[in-house]
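Novice: Protein chains in written order, with this note's numbering: chain G, 1170 to 1293; chain F, 162 to 396; chain U, 6 to 582.
Everything labelled a hint here was simulated from the structure, so no lab data went into it.
If you're wondering where the values come from, they're calculated on a predicted model, not measured in any experiment.
Glycine is no exception: its CB is placed at the ideal position from the N, C-alpha and C atoms.
One or more hints might be untrue.
Cβ pair distances, simulated, as ranges [said to hold, decoys possible]:
1) U:Glu457 x F:Thr366: 49 to 55 Å
2) F:Pro319 x G:Phe1203: 32 to 38 Å
3) F:Ile189 x U:His316: 40 to 46 Å
4) G:Phe1203 x U:Arg319: 43 to 49 Å
5) G:Phe1208 x F:His243: 54 to 60 Å
6) U:Val177 x F:Pro319: 54 to 60 Å
7) F:Glu353 x U:Lys321: 48 to 54 Å
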Amino acid sequence: MNKDFKQTSRSGSLAWLLQRISAVILFVLLVLHFVTYHFLAQGRAVSYRWVIERAGSWWFPLLQFAFLLAALYHGLNGVWSVLEDYTSNRYWRLVWYSLVVMVGVVLLFVGTLTIVKLYTLKAA
Amino acid sequence: MAQIDIQAKILRYQPEKDEKPHWQTFAIQVADDSTILDVLNEIHWRHDGTLAYRRSCRSSICGSCAMKVNGRNVLACETPVHRFGTKLKVEPLSGFQIIKDLVVDLEPFFAKLKRIKPYLIVDKPLPDKEFVQSPAQLEQIGESTLCILCAACSAACPSSWPNQEYLGPAALLKAYRFVFDSRDDGADQRLEIVNDKNGVWRCHTIFNCMEACPKKIKITEYLSRLKLKVVENSL
Amino acid sequence: MKIEQARKYHKIDAVIVGAGLAGLRAALEVARSGLAAAVVSKVYPTRSHSGGAQGGIAAALANVSEDSLDAHMFDTIKGSDYLADQDIVEHFVNEAVNTVYEFEHMGVPFSRTADGRINQRPFGGHSAPRACFAQDITGHVLLHTLYEQCLKHNVLFFSEFQVLSLLVQNDVASGLVAWDIREGGLHIFHAKTVLLATGGYGRAWKVTSNAHANTGDGVALVLEAGLPLEDMEFVQFHPTGLYKHGILLSEAARGEGAYIINDRGERFMKNYAAAKMELAPRDVVSRAEQTEINEGRGIGGRDYVYLDLRHLGREKILSRLPQIHDLALNYLKADSIKEPVPIQPTAHYSMGGIPANIRTEVIKDAAGTVVRGLYTAGEASCLSLHGANRLGTNSMQDAATFGRIAGAHMTEFCRQNVFADLPTKPLDVAQGKIDRLWSGSGLERHAPIREELQENMTKHMGVFRNQDDMLRMLGIIKELQERYRKVGVDDRGQAFNLDLIEALELENLLSFAEVIVEGALARKESRGAHFRSDFPKRDDANWLKHTLAWRRDGKIVMDYGKAVVIYPQYQPQERKY
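So here's chain G without its partners, still in its complex pose (with noise of 0.2 Å):
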């Protein structure tokens, strides 16, 4: 095998797959947001009641979840091909490689503890 190319273990195409399907799933999830926080709300006084209600319902954390875990992996996976263009050193690789995967953990953290709040608050 020639110096100037080398293949790498893992050869990206689940990679890039997600990345579209990811994308997908955020421009459905980004109509259905609009629908059931914006549109269903037209005409009604928007109350903190009726949010907390919703908040409550069984759907309503699925969704936010699904939307938390696909614009994290779109997210991230992007700003992870990037630096990866723009770095060849091994040990840079796996420095920046670790920093995007512990941003994405401790942002699935935060991110699901507010939905799981949300869930669990009671309307006064």
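Got chain G; can you put chains F and U on it based on the hints?
Specialist: Relative to the frame of chain G, chains F and U by itself:
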């Protein structure tokens, strides 16, 4: 035909003298319908014989004279001076090592091409006459066979600049050309090679290659089709 | 600077000089047999000027209408004005069909008929649509396909090497010496067989369709080695060169139906070749054009006429002739869909070259004595397939077919023979050339000398020739050769020294240009592309024979002992179209 005055600023590098590349400006007169190659010839033949550049066919088919003029990758032979006005800035293609002046080292470029098995692979028995290929099947690859391997695309690709291991648009376009040839049986082998982070996945659809291509090949579009094919094949 | 010894020594079975269709096809043939084949070329293989060929490759496939090998053979012989050797033509047409199918099996993207077979178009001098084509980039796709196949079969490439001397002694070739353009330094290539496939010599003219690289290096090397050249006076002028630039606009345009018109808007070919009109052979059309221009019917009385594609329509132009459209637009700002394109005859193809037999072995005399291990194919060679005038699309077929034949014979030779000894001082000639330029007085520069040669060749050695012009030209060449001795180069560097290469090329141009003029002066008749206003008739009684020319003691010496091979069924007739 009128003569015009030109200021040609050229990035010079003489390996035996210079530590690093530097700019040199030539003030010369050329005919107003001159090409960039005419300007270089004028300098080389009448002002400074040490100027080095590649050229051959001067009819945009051999691919020798790809270089950067006022920030754009062009073929010097087909590019009229008036496209840029009277102030020219001429430099070698980016992303390659400079051998001398405007001449860059294309060995890595051709080595990458070789990597993707750039030849028709046929497992089936050969017919007595030609393979039957419909005009529609030919249409799939027609435009990609126009590639003259001038390297303007690879030199314009931001994904290539920081990563010397990326196969680059020219080699990947050649992979497309064979994978989508109705006569070829080597798609699996080639797709396995390009299915790599330094292969087709390093392409982030930046479109620079398409903009740089002197043959106006829709490279990015073909690379996207190649990506889909890889995914289809691995599912 | 003096280089005491070769930077590198290579020992390779078959060394092929030139990476065009002929060179690559030969290399492929040798490499497929398992022997080592190296291609030494002054440019990267895909930069070779075979890629500039546009219109098609001739073979009687009969895919779109009736055709036969006989017809192809007769057309070629008639096109050659009966100077072609008919055994060569026969061999050629017999192999041609196979050559095209083989190309197709290698992956050449030929344009197709509706039912998926190779499409064919009409071409000048061919009696049937015989040109197999890929749009108007046929040479480009053939060249790239061959390069790809060579990569597959691990042909060794020495790209950007300028060959400076042939190693031939006692009629045996043992290799060559080449200058490494990229790094500098001389390399010795020790070989059992050497193929010269260095292409044409159109760069001796100012208005030419040829690439900067087409300086007839192989032809000049042979002359320098004390071997003869054949029929050098026959140089084809292509009728549709882009005005001023000389860049080729393929005959495919006329094959698809384009007209050539003069200042009055007339399709003047009706006065010269009423039956074939624009699709008469190139020598006929170029003469017609030049006559119109000389008699004041050029556009606005100037030195060009028009190629008119407008009636073909936008769709046909863009799908069949996209390159021609782009070239006219880029270089002359002429949109061929809407306006006619200015054209003039342009020096295009060298029918003459290095004499060889039907096995492509280089011969050293009229008796056909072979130089062992030395072969030639393609435009550099003179077998003679094209005689006094080549038909369009026969050149790519010639290069590919005889490239393959050369490869096969070289393989056979390599199997049966050992490496011949190198001369005792193999570097001397090459070293001498470099040293001379590096120590030259520099009172002269190479560029002005070359420009003077080219301008005068276009002026005096064009479509029409006469004794006075040619004598004047001979004097100019002698004077330029004298001035060349004082040439020095600005660039004393080793790496990519373009200055040095151009100076070396000029030496070659000045060398064989003299043979062209001497040959043309001696041949007191008009035949094919060689037309003399002072001898306007073909003279079979005295001149149905080949020219062999040597340089001996600084003089060009001629021999006409090599007879034309003529079959009883193809006796010379009056040539009308």
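Novice: Now tell me if each hint is right for this structure.
Specialist: Here is what the structure says about each hint:
1. Hint check: U:Glu457 to F:Thr366, Cβ distance near 53 Å, so the stated range 49 to 55 Å holds.
2. About 35 Å separates the C-beta atoms of F:Pro319 and G:Phe1203, a value consistent with the hinted range of 32 to 38 Å.
3. At roughly 43 Å, the beta-carbon separation of F:Ile189 and U:His316 lies within the given 40 to 46 Å, and the hint holds.
4. Between G:Phe1203 and U:Arg319 the C-beta distance comes to about 47 Å, which sits within the given range of 43 to 49 Å.
5. As the Cβ distance of G:Phe1208 to F:His243 is approximately 57 Å, the hint placing it in 54 to 60 Å holds.
6. Range check, U:Val177 to F:Pro319: about 56 Å between beta-carbon atoms, so the 54 to 60 Å window is met.
7. Distance hint check for F:Glu353 and U:Lys321: the Cβ-Cβ separation is about 41 Å, which falls outside the suggested range of 48 to 54 Å.
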